[in-house]
Amino acid sequence: MRPTPITSPSRQRGAATLITVLILLLVIALLGLASLRGTLMEERMSSSVRDRGLSFQAAEAALREGELLASTKPALPASGCSKGLCAKPDPTAAPVWEDEAVWTDAPETLVNLGTETARPKFIVELLANNVPPRGSCTTEHVIGESACSGTESRYRITALSRANGRAEVMLQSIYAVP
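Read in order, the letters of the sequence shown are residues 1 to 178 in full-length UniProt numbering.
Hints should not be assumed to be uniformly reliable.
Restraint ranges, calculated between C-beta atoms of paired labels, are given here [to be verified]:
no. : residue 1 : residue 2 : range
1   : 95        : 42        : 49 to 59 Å
2   : 18        : 39        : 44 to 54 Å
3   : 173       : 30        : 43 to 53 Å
4   : 130       : 53        : 35 to 45 Å
Honestly, the hints are just simulated from the structure, not real lab data. From the three backbone atoms N, C-alpha and C, an ideal C-beta is built for every residue, glycine too.
Working from the sequences, and respecting the hints, build out all of it.
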């Protein structure tokens with residue numbers, strides 16, 4: 001007769017411990033993967049914020065370039081746009097900055113952004129001529145003083161910074177020229 005095998009309690013506890021450890025290891029691995037996924041998402045978000053910031057800086061530099069051009073009171077076409085210079089906009093028409101054709105021949109400026117460069121474009125639209133100055137005459141002003149006389153021209157400058165796979169930023173300013 002053969003003796004019946006005796007299973008020892010320590011052997012059964014070893015198998016239960018192994019299963020428990022494997023389950024805990026699986027849970028820790030899943031937590032690690034979830035943490036890694038969150039870190040990668042944060043990395044992408046911070047990269048997007050940086051990219052948008054660089055595009056914003058480039059658009060702002062183009063905006064200043066457009067304001068500099070507007071300060072010279074450039075000769076504008078009678079209608080439409082030519083090389084980034086636009087006549088008074090038609091209030092019933094769509095805004096000129098929404099037309100892709102306007103941006104094809106718009107002037108661009110080269111902007112150095114540290115290790116990168118950008119080539120934002122700008123357009124200058126005449127909004128109005130012969131506009132009274134922003135300040136109004138009061139009893140404190142003497143008639144004929146420069147703050148109470150003369151007219152201004154108002155321009156809308158629109159700057160666009162875009163590149164393939166990068167953030168696109170469009171800025172506008174209203175610029176008054178005495």
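Going down the list of hints, with the structure as the test:
1. 95 to 42: 49 to 59 Å: Once the Cβ atoms are compared, 37 Å apart, the range 49 to 59 Å for residue 42 and residue 95 is violated.
2. 18 to 39: 44 to 54 Å: violated (31 Å)
3. 173 to 30: 43 to 53 Å: holds (52 Å)
4. 130 to 53: 35 to 45 Å: Cβ of residue 130 to Cβ of residue 53: about 39 Å, so the range 35 to 45 Å holds.
Comparing the model with each earlier hint shows violations of hints 1 and 2; every other hint is respected.
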